[in-house]
Amino acid sequence: MNLNHVLWAVGLAILIALPFLAPPYFLHLVIQILIWAFIYTAWSLMGRFGFVSFGHGAFLGVGAYVPALLWNYYGLTPWLGIPLGVAGAVLLAIVVGYPCFRRRVVGHYFALVTLALSQVVLLSLVAARDITGGSLGFTQKAVGHSWYALQFPEKGYFYVIAVLLWLAGLAAWRSIDRGIGREALEAISEDEDAAAAVGIDVMRQKMRVTIVSAALTAVGGAIYGQYVMYLNPETVSGIAVSLQIVFAAIAGGVYSLLGPSVGSLLTLSLTEGLRVWFGTDYIGAANTIYGILLVLCIIFMPQGIVGSLQGMRRRGAIAKPLVTLDRQSATRRPSSAAQ
Amino acid sequence: MLTVEGLSKRFGGFLAVNQVSFDVRAGEILGLIGPNGSGKSTTFNLIAGNLRPSSGSIRLDGREIAGESAHVVCHQGVGRTFQIPRPFRKLSLLENVTLAAFYGEAGRISRLDAERRAVEALGMVGLPSDAAASTAGLGAAALKKLELARALATKPKLLLADESLGGLDRAEMERAADMLLDIRNRLGITIIWVEHIMGVLMRVVDRVIVLDHGEKIFEGKPGAAAADPRVTEVYLGKAQA
Ligand SMILES: Nc1ncnc2c1ncn2[C@@H]1O[C@H](COP(=O)(O)OP(=O)(O)OP(=O)(O)O)[C@@H](O)[C@H]1O
Ligand SMILES: [Mg+2]
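Chain order of the listed sequences is Y and U.
Take any residue in the first sequence, count from 1 to its spot, add 19: that is its number in the numbering used here.
Take any residue in the second sequence, count from 1 to its spot, add 1: that is its number in the numbering used here.
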């Protein structure tokens with residue numbers, strides 16, 4: 020029983036007690052923090068190995084819109100709609116990921132390709148406004164409390180769902196750590212040729228982690244949609260959300276299990292806090308301060324908040340490169356096989 | 002065991018390997034030598050699947066492997082080292098080699114077995130195998146040993162050792178040569194040894210192939226190589242000038 024166990028126990032106790040003690044607004048905030056924490060964790064499954072995707076807004080959007088559209092137009096239960104959305108996101112991940120990995124698109128170029136992907140999904144959602152409501156957004160048909168429709172006006176239900184989802188995200192992270200997958204992905208992120216030379220199927224490993232990451236992100240998008248019952252292309256797809264995911268995860272720390280979650284906690288609390296504090300007097304001020312704080316955080320704590328704190332606790336144990344976005348700055352390196 | 006026929010590699014307009022053919026017999030140590038830039042490492046990259054041949058055939062025990070992916074060639078039983086060591090710096094020594102043991106068998110062994118094999122391989126080359134040992138601060142000789150341990154851990158039947166022992170002193174070179182000999186004698190692994198300095202290599206190899214400008218200019222016993230006028234001209238002439 021070490022300090023870590025105690026912290027986990029205290030944390031879980033607080034999570035269990037929360038719905039009974041917290042006022043609804045606060046609970047609403049916590050649910051959002053948990054859902055986004057799950058999404059940021061899903062992104063970090065790739066991000067922690069230097070595969071920096073700016074395309075997760077696309078997976079989020081597909082995951083959120085597919086079940087919502089199927090529900091409104093065909094009355095299809097989200098229990099089927101969500102898997103279909105996830106399948107769509109996975110398909111997208113394969114269509115974009117496969118050629119990228121095949122042609123060794125890494126670093127900046129990978130970031131650009133994926134950035135384009137998230138914008139393509141946003142523009143498609145806006146363009147199909149007859150079906151999706153375009154930039155006005157899309158509201159699911161509400162039927163009150165229903166398991167079939169996965170709609171619960173009482174916050175308690177979504178609170179439990181959000182907690183389970185978040186724990187599932189942490190479990191996915193741990194499952195990579197437990198096997199030999201972490202070492203394989205670290206090796207790949209460092210040197211694909213050397214990794215292949217010891218028998219690692221680089222393509223397959225990268226595809227797998229990408230698919231898992233995209234699928235979980237789509238699930239996150241779907242649950243978010245079911246919870247807020249309103250979708251807008253700007254808030255669940257496109258460059259803005261992709262950046263939000265990348266920044267929050269990196270600010271929290273992509274090398275630590277709880278880093279992305281802390282990123283979610285801090286960014287959402289900060290946004291809410293600044294919004295309440297500034298009210299409507301200085302529109303834009305909250306966003307500016309938010310942006311500045313984020314930039315400072317990323318510059319001065321390159322391993323993220325959690326990573327930096329852990330670093331202080333056991334100096335020297337973590338020795339990761341400072342800049343996370345750019346572990347393989349070279350794009351396709353056909354010539355690097357020599358020597 | 003390995004049959005290379007008409008192997009060529011073109012980089013743009015430049016022929017790095019030109020119509021090279023040779024055989025490797027099971028159990029031998031074959032020296033592959035030649036001056037800088039003669040195409041030795043490129044030949045290795047072609048066999049190991051890191052590069053795709055422009056033309057030619059590479060058969061391993063009768064099975065065509067030219068153009069296969071590097072991990073597939075590894076699974077077929079070809080291990081390789083890189084001339085300039087490419088350790089995974091974020092992993093410990095043991096993790097580096099465990100990874101090779103695990104994936105070298107295409108993940109068909111347990112992690113525990115992989116680790117056991119890694120400890121063995123590290124012991125064989127004389128590197129520490131405790132979990133804490135890291136790659137930080139390893140010198141040139143130790144990094145070469147790590148390359149070797151990683152290749153051995155994949156359980157190869159054919160080892161492509163791109164040694165080019167630059168950066169090592171005389172005694173370290175001799176030890177490296179002994180180690181290759183030991184690997185062949187004790188583990189029965191067939192070896193192609195790339196080197197551009199002839200001296201140390203000649204003591205250990207059974208046969209030698211000499212490349213110059215991507216072409217094979219000699220094949221035969223080490224003793225005969227030293228006496229061959231073409232080899233002396235393009236190779237020894239340069240090296241000793
Ligand atoms: N990926 C590549 N792209 C273009 N040219 C290359 C590439 N790899 C090797 N070359 C060129 O091919 C030639 C052969 O290189 P190679 O590395 O095979 O030589 P080598 O015999 O291993 O030399 P050394 O003894 O210096 O290691 C060189 O002129 C090199 O510049
Ligand atoms: Mg070379």
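Since the hints were derived computationally from the structure, they do not count as laboratory data.
One should not assume that every hint holds.
Unchecked claim - Residues from chain Y shown here face chain U by an in silico Cβ test under 10 Å; the list is partial:
no.	residue
1	43
2	172
3	175
4	179
5	203
6	209
7	219
Bear in mind the structure is a predicted one, so any value in this text is a computation, not a measurement.
Ideal placement from N, C-alpha and C gives every residue a C-beta, glycine not left out.
Now for the hints, and whether the structure bears them out:
Because the closest C-beta pair between residue 43 (chain Y) and chain U is about 45 Å apart, greater than 10 Å, the hint is violated. Look at residue 172 (chain Y): its Cβ only gets to about 48 Å from chain U, farther than 10 Å, so that hint breaks. With a least beta-carbon distance of about 42 Å to chain U, the hint placing residue 175 (chain Y) at the interface is violated under the 10 Å criterion. About 35 Å separates the beta-carbon of residue 179 (chain Y) from the nearest beta-carbon of chain U, more than 10 Å, and the hint is not met.
The criterion of a C-beta within 10 Å of any C-beta in chain U is met by residue 203 (chain Y), whose closest approach is roughly 6 Å, and the hint holds. Proximity of residue 209 (chain Y) to chain U holds as hinted, the smallest CB-CB distance being about 5 Å (cut-off 10 Å). With 10 Å as the threshold, the beta carbon of residue 219 (chain Y) comes within range of chain U, its nearest partner Cβ sitting at about 5 Å, so the hint holds.
Hints 1, 2, 3, 4 from the list above are not met by this structure, while the remaining hints are.
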